[in-house]
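S.K.: Line by line, the protein sequences are chains A and B.
Heads up, the first sequence is in my numbering, so the first residue is 1 and it goes up one at a time.
Heads up, the second sequence is in my numbering, so the first residue is 313 and it goes up one at a time.
Be a bit skeptical, because a hint or two may be false.
Incomplete in silico selection of chain A near chain B, CB under 8 Å [as the list claims (entries may be wrong)]:
#, residue
1, Leu55
2, Leu57
3, Glu82
4, Gln84
5, Lys85
6, Leu87
7, Gly88
8, Lys89
9, Pro95
10, Asn97
11, Leu102
12, Asn103
13, Val105
14, Ile118
15, Gln292
16, Met293
Derived, one-sided and incomplete: chain B residues facing chain A with beta-carbon distance under 7 Å [what the hints assert, rightly or not]:
#, residue
17, Arg373
18, Gln522
19, Tyr523
20, Thr525
21, Val526
22, Gly528
23, Ser533
24, Phe535
25, Ser543
26, Cys544
27, Asn545
Just so you know, the hints here were simulated from the structure itself, not pulled from any lab data.
On a predicted model such as this, the values are computed, not experimentally measured, just so you know.
For every residue, glycine included, the Cβ atom is placed at its ideal position computed from N, Cα and C.
Read off the chains here:
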Amino acid sequence: MNADIEIQGLNVSFVNRCCVTPVVTDVNILFPEGSITGLIGESGSGKSVLGMSILRLLPATARVEGRCMYKGRDLFSLPEAEMQKVLGKEIALIPQNPTESLNPVRTIGRQLTECVTIHEKRRKADAQKRRDQLLRCLGFHRPEQVSNSYSFELSGGMNQRIVTALGLMNHPRWVIADEPTKGLDAVLRRQVYQVLKEIGGSEAGGMMVITHDILLAEALCDRLLVLYKGCVMEQGKGETILRHPAHPYTRGLLESLPENGMHPIPRADEKKTDSGCRFYPRCPHGSKACGQMLPPETVLEDGRIVRCFLYA
Amino acid sequence: MTVLMQYMLKKTALLLPVLVGISIAAFALGAMSPGDPVDQVLNPNGNESYTREEYDRMAARMGLDKPAAVQYGKWLAGMFRGDMGRSFFTNKSVKGQLARRIPISARLAALSMAFTAVLGVGAGVVAAVYKDRFPDHILGALSMTALSVPGFWTAILFIWLFAEKWKLLPTSGIASWTGYLLPALTLALPGAGVCARLTRSAILDELGRQYVTVAGSKGFSRFQTVVRHVSCNALIPVVTYLGTHLAGILGGASVVETIFAVPGIGSYAIAAVQSKDYYVVQAYVLFSGTVYVAANIAVDLFYIAVNPRIRRGEAGR
Chain A
1 MNADIEIQGL NVSFVNRCCV TPVVTDVNIL FPEGSITGLI GESGSGKSVL GMSILRLLPA
61 TARVEGRCMY KGRDLFSLPE AEMQKVLGKE IALIPQNPTE SLNPVRTIGR QLTECVTIHE
121 KRRKADAQKR RDQLLRCLGF HRPEQVSNSY SFELSGGMNQ RIVTALGLMN HPRWVIADEP
181 TKGLDAVLRR QVYQVLKEIG GSEAGGMMVI THDILLAEAL CDRLLVLYKG CVMEQGKGET
241 ILRHPAHPYT RGLLESLPEN GMHPIPRADE KKTDSGCRFY PRCPHGSKAC GQMLPPETVL
301 EDGRIVRCFL YA
Chain B
313 MTVLMQYMLK KTALLLPVLV GISIAAFALG AMSPGDPVDQ VLNPNGNESY TREEYDRMAA
373 RMGLDKPAAV QYGKWLAGMF RGDMGRSFFT NKSVKGQLAR RIPISARLAA LSMAFTAVLG
433 VGAGVVAAVY KDRFPDHILG ALSMTALSVP GFWTAILFIW LFAEKWKLLP TSGIASWTGY
493 LLPALTLALP GAGVCARLTR SAILDELGRQ YVTVAGSKGF SRFQTVVRHV SCNALIPVVT
553 YLGTHLAGIL GGASVVETIF AVPGIGSYAI AAVQSKDYYV VQAYVLFSGT VYVAANIAVD
613 LFYIAVNPRI RRGEAGR
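Chain A on its own, in the form it takes in the complex:
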């Protein structure tokens, strides 16, 4: 069966007693089966919230609207018991903040194998084999020793690779990797990248990679999503977007990279509001319409989808 993930009309906001804070607005994306999509954007742009909303793991204060179609079913309206069968098995997570993502009183080995045994109790031996294989791939030469350790006995970089293994344990169809290379040096980054690339290539896995690391995104991803303040500004083939960015924000983001001369995006103009286009207060090309309504998503000739009045 077709294993695309298709998000339609996703809106996420956090609700507390005083106010409603929108964090993701009107997101429509198709993640084709087997593809690797990079989610890029600055901190607070809603990348992680978008990822976690697919897994339905947002805190109880989050209000999620829209649909997320997977194998003919809407994940957002699935009963909890059904969703648990999807989690970890069909769609798995490589969480961010690795050290906090691991339980300090359970051994690493148990936390890895339980990804498999929670779904099928009898596959314990399989799980152990898979665990050792993954740990070796990720640069641990003595998997048994690491398995017997606790998260506080390992370094941040080691834990980062442990959570990478965690997401891949049960051969999921989809992996959502939240900053998988954060805190790793160049050598280890390469190793993790290699593993993700192999998984993406060989095990028919689709992947969403949430990252600040645009070089990683370029090397690893087929497709890119550029987020700004909860809106997808531009989506399409990675190469096209990075070579010829269409949206003014994407252009600004790329120009601000050190290798491109580090030209920062100008500060927000306080007289302009972001109730229309989210980027309007900082945009050098802003027109009157930008301040009034959210630009529609426009499909360009090369297949890209851009949310900007320049192309509408």
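For this one, chain A is given, so just place chain B on it according to the hints.
M.R.: Using the frame of chain A, we list chain B on its own:
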């Protein structure tokens, strides 16, 4: 295992001076408290007279004519031999009395502990699961009441309700096992209140951690997450509290034992304090102090069992 042994040895070694301190405090408490036991023995009703010689003879017989340090040494030596002395008044061996009374207090403490743990942890878990909803509010109010109402008041309320009104349970004494129920419950309520609040906040703390979300991403249900991931982490503060609480009620349910006429060590100690029965008070203080220390070791052992941070290496530091 060597790290573990080292850790235990270190803990035990640190506790030795504590025990010595308790023994000195226990002895000093008797020796320094106002009132004269010799006078109490010779003149228990306050209207009998005695001569100077009679007084000196009695003081010598009670061993109270020697300097305090010598008295302490003799007393401590006796403790090591298992001789705790005799009551000044009844002339019964303190050891024999304790041997008869400790099991009664222990039974009461165990039952009360069971109530505390079941009510406290149970209420805490329910309150955490229904956070900010009706059951949470009700349990919050109940636990606050339980921990703030004094034991003697609860005792009177229970006696009135269960014994006078409904005639379900005996008012006092331990003729049958039902006699333990009311005192145990009275003793358990404040602890259960504290325990419920601790459990609730510990579980909520842990539920907010990221490893809980990650467990969810593996396909754990809420319940499985709580059982396999949260419980061990959340239990640590709760068990610490329960350990010291157990020590507290084992060594000193004096008020409740007195109200319900339970012949345990608590009521024994109260009677002894009233009549300045030194040896009994000293033995009692030493016993309850030792129980407290032992409970602390037990809590430490539990820590080691559930907390790998101590089991591994950090204990050595």
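S.K.: Could you run down the list of hints and mark each one as holding or not?
M.R.: Results for each hint:
Checking A/Leu55 against chain B by beta carbon gives a least distance of about 6 Å; that is within 8 Å, so the hint holds. A distance limit of 8 Å between C-beta atoms decides the matter here; for A/Leu57 the minimum to chain B is near 5 Å, and the interface restraint holds. Hint status for A/Glu82 relative to chain B: violated, with the closest Cβ pair at about 11 Å, above 8 Å. Taking 8 Å as the C-beta cut-off, the interface hint given for A/Gln84 holds, the closest approach to chain B being about 5 Å.
The beta carbon of A/Lys85 comes within 7 Å of a beta carbon in chain B, closer than 8 Å, and the hint placing it at the interface holds. Annotation: A/Leu87 was flagged as interfacial toward chain B, and the flag holds, the nearest CB pair being 4 Å apart, inside 8 Å. A distance limit of 8 Å between C-beta atoms decides the matter here; for A/Gly88 the minimum to chain B is near 4 Å, and the interface restraint holds. Because the beta carbon of A/Lys89 sits about 6 Å from the nearest beta carbon in chain B, less than 8 Å, this interface hint is met.
Nearest Cβ of chain B to the Cβ of A/Pro95: about 5 Å, under the 8 Å cut. The hint holds. The beta carbon of A/Asn97 is positioned within 8 Å of a beta carbon in chain B (closest approach about 6 Å), and the interface hint is therefore held. Checking A/Leu102 against chain B: minimum C-beta separation of about 6 Å stays under 8 Å; hint holds. With a least beta-carbon distance of about 4 Å to chain B, the hint placing A/Asn103 at the interface is held under the 8 Å criterion.
With a least beta-carbon distance of about 5 Å to chain B, the hint placing A/Val105 at the interface is held under the 8 Å criterion. With a cut of 8 Å, the hint placing A/Ile118 at the interface with chain B holds, because the nearest CB-to-CB distance is about 5 Å. This hint is violated: A/Gln292 has a C-beta 38 Å from the nearest C-beta of chain B, more than the 8 Å allowed. A least Cβ separation of about 36 Å between A/Met293 and chain B goes past the 8 Å threshold, and the interface hint is therefore violated.
Restraint check, B/Arg373 versus chain A: the minimum CB separation of about 60 Å is more than 7 Å; hint violated. Interface restraint check: B/Gln522 against chain A, minimum CB-CB distance 4 Å, threshold 7 Å, status holds. With 7 Å as the threshold, the beta carbon of B/Tyr523 comes within range of chain A, its nearest partner Cβ sitting at about 4 Å, so the hint holds. Contact between B/Thr525 and chain A, as hinted, is supported at the beta carbon level, the nearest pair being about 5 Å apart and thus within 7 Å.
Restraint check, B/Val526 versus chain A: the minimum CB separation of about 5 Å is within 7 Å; hint holds. This hint holds: B/Gly528 has a C-beta 5 Å from the nearest C-beta of chain A, less than the 7 Å allowed. Restraint check, B/Ser533 versus chain A: the minimum CB separation of about 6 Å is within 7 Å; hint holds. Below 7 Å, beta-carbon pairs count as interface contacts, and B/Phe535 has none with chain A, the closest being about 11 Å; its hint is therefore violated.
For B/Ser543, the shortest C-beta to C-beta distance to chain A is roughly 10 Å, which exceeds 7 Å, and the interface hint is violated. Given hint, B/Cys544 at the interface with chain A, holds; its Cβ is 5 Å from that chain's nearest Cβ, closer than 7 Å. Taking 7 Å as the C-beta contact cut-off toward chain A, the hint placing B/Asn545 at the interface holds, the least distance being around 6 Å.
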